[in-house]
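Q: Going line by line, the protein sequences match chains L and H. Taking my numbering, the leading residue of the first sequence gets 1, the next gets one more, and so forth. Taking my numbering, the leading residue of the second sequence gets 1, the next gets one more, and so forth.
Be aware that a few hints might be false.
[As the list claims (entries may be wrong)] For lysine-lysine, the following DSBU-like pairs were computed, each having C-alpha atoms within a straight-line distance of at most 35 Å:
#1 L:K28 - H:K64
#2 H:K64 - L:K94
#3 H:K84 - H:K38
#4 H:K64 - L:K24
#5 L:K250 - H:K38
#6 L:K28 - H:K38
#7 L:K247 - H:K42
#8 H:K149 - L:K28
#9 H:K124 - L:K9
#10 L:K247 - H:K167
#11 L:K9 - L:K94
#12 L:K24 - H:K42
#13 H:K42 - H:K128
#14 L:K53 - H:K64
#15 H:K124 - L:K247
#16 L:K201 - L:K94
[As the list claims (entries may be wrong)] Residues from chain L that keep clear of chain H, each with C-beta distances beyond 10 Å, as calculated:
#17 L25
#18 F52
#19 A91
#20 L93
#21 F127
#22 I176
#23 E194
#24 Y248
Derived from the structure by calculation, the hints contain no laboratory data. Since the model is a prediction, treat every value here as computed from it, not as a measurement. Cβ atoms here follow ideal geometry from the backbone N, Cα and C, with glycine treated the same way.
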Amino acid sequence: MTKSPLFNKGFQNAVLSLALKTIKLRYKNSFLGVFWSMLNPLIFLTILIIVFKQINHIEHFALYALTGLIFWNFISASILQVLTSFIDNAAILKSINLHPFCFPLSAMVAAVFNLLLTLIPFFVIMFYLGYDLSWSFLAFFPITIITAIFVLGLGMLMGTINVYFRDIQLLWTTIIPAFFYFTPIAYTPELLSENQRFLLKLNPFYYFIESYHDIFYRSAMPSYENFGMSLLLAILSMAFGYVAFNKYRKGFISNI
Amino acid sequence: MTALQPMIRLTDVDICFYVQENGFVSMKDFLLHPGKYKLLQKSFVLKNVNLQINKGESFALLGKNGSGKSTLLRALSGIITPDKGNIELFGAVAPLLGLGVGLEQELTGIENIKLSCALMGMTKAEIKQRLPEIIDFSELGEAIHWQVKRFSTGMMSRLSFSIAIIKQPEILLIDEVLSVGDLGFQQKCLKKVMEIKDNGATIIFVSHNFEEVNNMCSRAALVNNGTVEFVGTVKEVGERYHHLFDN
């Protein structure tokens with residue numbers, strides 16, 4: 001049991017198959033498919049442009065807002081999917097001998113795949129809004145992997161507690177809109193005072209969203225601060241998440 | 001006479017459930033007094049279980065609802081690890097614990113076969129190789145391309161039984177799932193189980209249908225209140241099982 005299941009071929013296939021199922025189900029019966037994943041950020045983008053453009057005197061505010069929205073949606077939605085993955089798969093967990101790490105991992109894989117799928121049409125819009133493609137684009141891949149590890153760890157930590165206390169799920173859906181305004185998406189950090197900016201940096205999501213802003217809005221490599229903090233947070237989150245999961249997963253079957 | 005070769009051996013096995021009973025209050029105590037309070041309370045489901053089942057045997061587990069039979073099967077299939085003691089298995093296990101689990105309503109029969117096999121730990125190559133066999137055994141014909149939500153209950157059972165049985169296991173765990181499908185398919189399932197048995201596999205069988213148990217099994221154990229109370233021939237165990245309901 002101590003050996004990581006990640007290197008097991010059967011386990012890898014199980015993770016991919018579950019992720020593929022999630023994607024298939026999301027689009028199977030809907031006519032417009034990927035479009036639905038794009039609609040929510042586009043509606044919010046319109047609102048942000050109408051409401052916040054007056055206070056944000058920066059060039060290409062629409063591009064700034066859209067970048068933030070796409071990746072905020074990715075992060076907040078995938079945390080919830082990882083969080084509920086144990087409960088969603090209760091029946092399988094109880095009757096098939098499969099390492100339960102499979103469930104959060106496949107939820108994360110599905111979320112990343114879904115992000116890549118929606119990014120393709122979004123690129124067209126981003127170019128239209130003034131995105132200047134440069135080599136720094138390549139930083140998108142490591143940043144997304146780091147973000148995924150952060151989300152997976154945090155989601156697993158909350159998901160493990162959620163098996164025993166279903167309040168976590170409700171708590172998370174309640175506070176996530178607050179985090180949206182605590183993260184620089186509708187506004188730029190420059191708009192705030194020195195003290196307020198200090199507070200902003202206590203929010204872990206700040207560094208991930210700012211890294212994406214660096215890449216897609218500033219067309220630059222992520223700053224050392226943003227990249228370093230993202231990496232550190234991802235490692236911490238994964239460590240805490242996995243340890244909690246591993247310690248308390250023995251009670252999953254009796255509580256789901 | 002050949003010596004009995006053990007296939008499954010349980011030594012002093014304890015299995016506990018971990019439940020939290022006090023809701024958010026226990027979370028508060030847990031956080032405020034580190035080390036003093038446990039987040040989860042332990043309760044024994046199986047206690048001090050000792051059991052040996054031999055190669056080629058058909059073995060039945062009898063007991064009331066909630067006595068721990070299903071938990072025992074889950075432990076044998078590796079879904080639950082025991083808190084204490086040792087479970088030794090001398091062969092590959094195929095659990096038939098819940099038919100229809102993992103079937104996804106929106107996907108077709110074929111897609112579901114691939115998904116279920118993947119969840120059972122099979123690789124892509126293995127699945128590809130076994131696919132025709134599974135389709136063939138299910139006798140679903142054209143319906144295999146339908147979405148499972150349009151299947152009848154019996155058809156769904158056919159599909160999941162065909163998937164579960166495919167791996168030619170050395171140890172087969174059956175939890176009250178043989179009474180599925182129509183009479184024809186039931187007999188086919190039973191025949192298949194017998195065939196697996198005749199190939200030298202060991203079968204562990206949980207059922208409340210005593211007649212079925214009597215036909216299939218040679219030995220049995222009585223599980224009561226989380227312990228194995230008695231092991232003997234099906235007839236002996238059956239009598240004791242009936243005594244449990246006397247008053």
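Q: Examine each Cβ of chain H, and state whether all of them lie more than 10 Å from the Cβ of F52 of chain L.
A: holds (38 Å)
Q: Does the claim that F127 of chain L lies outside the interface with chain H hold up, using a Cβ gap greater than 10 Å?
A: holds (35 Å)
Q: Mind verifying the non-interface call on I176 of chain L? Its CB should be farther than 10 Å from each CB in chain H.
A: At roughly 20 Å from the nearest Cβ of chain H, I176 of chain L sits farther out than 10 Å, so the non-interface label holds.
Q: Holds or violated: K64 of chain H and K24 of chain L, Cα atoms, limit 35 Å.
A: It is violated: about 42 Å lies between the C-alpha atoms, which goes past 35 Å.
Q: CA of K247 of chain L to CA of K167 of chain H, is that 35 Å or under?
A: holds (32 Å)
Q: Given the hint that K53 of chain L pairs with K64 of chain H, test it: the Cα-Cα distance must not exceed 35 Å.
A: Distance of about 69 Å is beyond 35 Å: violated.
Q: Straight-line Cα separation of K28 of chain L and K38 of chain H no greater than 35 Å?
A: violated (45 Å)
Q: Assess, step by step, whether the Cα of K124 of chain H is no farther than 35 Å from the Cα of K247 of chain L, and give holds or violated.
A: holds (31 Å)
Q: Decide if the proposed pair is consistent with the structure: K42 of chain H and K128 of chain H, CA atoms, cutoff 35 Å inclusive.
A: violated (44 Å)
Q: With 10 Å as the threshold, tell me whether A91 of chain L passes as away from chain H on beta-carbon distances.
A: Given a closest Cβ separation of 5 Å, the condition is violated.
Q: Quickly compare the C-alpha distance for K24 of chain L and K42 of chain H to 35 Å and report which way the hint goes.
A: violated (40 Å)
Q: Verify the proposed pairing of K124 of chain H with K9 of chain L, using a straight-line Cα cut of 35 Å.
A: holds (9 Å)
Violated hints, listed in ascending order, are 1, 4, 6, 12, 13, 14, 16, 17, 19, 20 and 24; each of the other numbered hints is respected by the structure.
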